[in-house]
Amino acid sequence: MIDFPDGMIWVLLGLLVLPLLWWNWAGRRRKAAVAFSSTTTVAMVSRTMVQKTRWIIPTLRTIAIAGLIICLAGPMRADAITQVNSDGVAIELVVDRSHSMSALDFKRNNLVINRLDAVKDVVADFVLGDDPEADRPGRPSDLIGLITFGSFADSNSPMTFDHKHLVDILKKIRTAQLGPESGTAIGDAVGLAVSKLTSLKDREDLRLDDQIKSRVIILLTDGEQTSGELQPLESARLAEEYGIKIYTIGAGNESSPLVPMPHPRTGQMVPQRRNYSLDEEVLKEMAQITGGRYFRATNLESLAEIYQSIDELERSEIQQQKYMQYEDMAVQPVRLGGFSFPPLLLIPMIALLLEILLASTLYRKLP
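FYI, in the working numbering the residues of the sequence shown are 6 to 372.
Note that these hints are calculated values from the structure, not bench results. Wrong hints could be hidden among the right ones.
Straight-line Cα separation of at most 30 Å, DSBU-like style, residue types lysine-lysine; simulated pairs [stated by the list, open to error]:
#	residue 1	residue 2
1	Lys206	Lys218
2	Lys57	Lys177
3	Lys112	Lys176
4	Lys125	Lys112
5	Lys206	Lys125
6	Lys177	Lys125
7	Lys218	Lys112
8	Lys169	Lys125
9	Lys57	Lys112
10	Lys125	Lys176
11	Lys125	Lys218
12	Lys250	Lys176
13	Lys218	Lys169
14	Lys206	Lys169
15	Lys250	Lys57
16	Lys112	Lys289
17	Lys177	Lys206
18	Lys289	Lys250
19	Lys250	Lys169
20	Lys112	Lys177
21	Lys176	Lys289
22	Lys289	Lys125
23	Lys176	Lys218
24	Lys206	Lys250
25	Lys250	Lys218
26	Lys176	Lys206
Listed next, with one range per pair, are the computed distances between beta-carbon atoms [claimed, not checked]:
#	residue 1	residue 2	range
27	Met274	Pro145	35 to 43 Å
28	Val336	Gln313	46 to 54 Å
29	Gln236	Leu133	15 to 23 Å
30	Gln273	Leu116	32 to 40 Å
31	Asp159	Gln236	16 to 24 Å
A quick note: this is a predicted structure, and the numbers were derived from the prediction, not measured. Note that the Cβ used here is the ideal one computed from N, Cα and C, for glycine as well.
With the hints as extra help, turn the sequences into a complete structure.
Following this line, the structure appears as structure tokens:
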């Protein structure tokens, strides 16, 4: 939006003088400089390019005067600015990707899916939001990171505000294959999450102008500790020392679900019954130590409800302040349609300089 200071818009009435200047120039142009007894001789003389383009001088003068009048009126670009101040939450998502997460005991639209795919869907809605109008806008003001673990814990995404990129990374995560990576290192994963959350101030790429209200770990697993150096309860006590809350989620519908396993003869993956145990007592104690909560997810709907409950428990406090920001278009670059243009004052200055230069050289008049 373009605005003018109070009372200065009347300066634009000076633009009405410009037609008078053109009328004055045209009148002088019709006066003959030399008197001839006959116009036949004059008609025989062809006009030079300078004579044909002499209108350039008054045009430049008109542009210069018009530009100066507009600049004197003080045009300003007014932008409505919304400043958002928030006390955000730093959330580290810790997701189990051990082989047991390929168990086929969840359903989406009546189609059987594995546990990890169910987690991907629900976490994406938790982070990005699935319906802003229904008070589920996601976590736009929060720092969120992603750690996955099998036998080893991996930081797949650092703490970031780029939530879409984080979800894209999560969607590419696959369950670990049978072998050295198929274990469950719960303690190491939580310990890594604590390290990431406690080192936020050392991140030079983050400008934490807003205060982080709280730091949270959301741990989802379907098993028990089978590998790693740090024990789950030790990692929980470490989190408690730094004031980090842990929400634990136990996933799985059956203790003996169908899991894709290689056929002993063909090597092809075929669903087979496998026995897995979920250590709920440890998960409950981890949550209790840190002041969090334990949840049990047996299907896609309950998993979604759990993340929604956590979403309501850990809300960011957001305040919006709206104001107008003004830029003097005469002396500051002008931004229009995504492009930046030089200040308006340059236009009359350039036109005036060109007029002086051309009037004293190419269009110079003899006395």
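These are the hints, each one checked on the structure:
1. Lys206 x Lys218: holds (14 Å)
2. Lys57 x Lys177: With a Cα-Cα distance of about 70 Å, the restraint between Lys57 and Lys177 is violated, given a limit of 30 Å.
3. Lys112 x Lys176: Given pair Lys112, Lys176 holds - Cα atoms ~17 Å apart, limit 30 Å.
4. Lys125 x Lys112: holds (13 Å)
5. Lys206 x Lys125: holds (29 Å)
6. Lys177 x Lys125: holds (9 Å)
7. Lys218 x Lys112: The hint is violated at about 36 Å.
8. Lys169 x Lys125: holds (13 Å)
9. Lys57 x Lys112: Violated, at about 82 Å.
10. Lys125 x Lys176: With Cα atoms ~6 Å apart, Lys125 and Lys176 stay inside 30 Å; holds.
11. Lys125 x Lys218: holds (26 Å)
12. Lys250 x Lys176: holds (26 Å)
13. Lys218 x Lys169: holds (22 Å)
14. Lys206 x Lys169: holds (23 Å)
15. Lys250 x Lys57: Cα-Cα ~82 Å, so violated.
16. Lys112 x Lys289: Holds, because 26 Å separates the two Cα atoms, which is no more than 30 Å.
17. Lys177 x Lys206: holds (29 Å)
18. Lys289 x Lys250: holds (13 Å)
19. Lys250 x Lys169: Given pair Lys250, Lys169 holds - Cα atoms ~24 Å apart, limit 30 Å.
20. Lys112 x Lys177: holds (20 Å)
21. Lys176 x Lys289: holds (28 Å)
22. Lys289 x Lys125: Satisfied, since the Cα-Cα distance of roughly 23 Å is no more than 30 Å.
23. Lys176 x Lys218: Holds - the C-alpha atoms of Lys218 and Lys176 are around 28 Å apart, at most 30 Å.
24. Lys206 x Lys250: holds (18 Å)
25. Lys250 x Lys218: The given pair, whose Cα atoms are some 12 Å apart, holds under the 30 Å limit.
26. Lys176 x Lys206: Holds. Lys176 to Lys206 sits at ~28 Å (cutoff 30 Å).
27. Met274 x Pro145: 35 to 43 Å: holds (39 Å)
28. Val336 x Gln313: 46 to 54 Å: With a Cβ separation near 52 Å, Val336 and Gln313 satisfy 46 to 54 Å, so the hint holds.
29. Gln236 x Leu133: 15 to 23 Å: violated (34 Å)
30. Gln273 x Leu116: 32 to 40 Å: The hinted range 32 to 40 Å is violated for Gln273 and Leu116, with Cβ atoms some 21 Å apart.
31. Asp159 x Gln236: 16 to 24 Å: Since the Cβ atoms of Asp159 and Gln236 sit about 19 Å apart, the hinted range of 16 to 24 Å holds.
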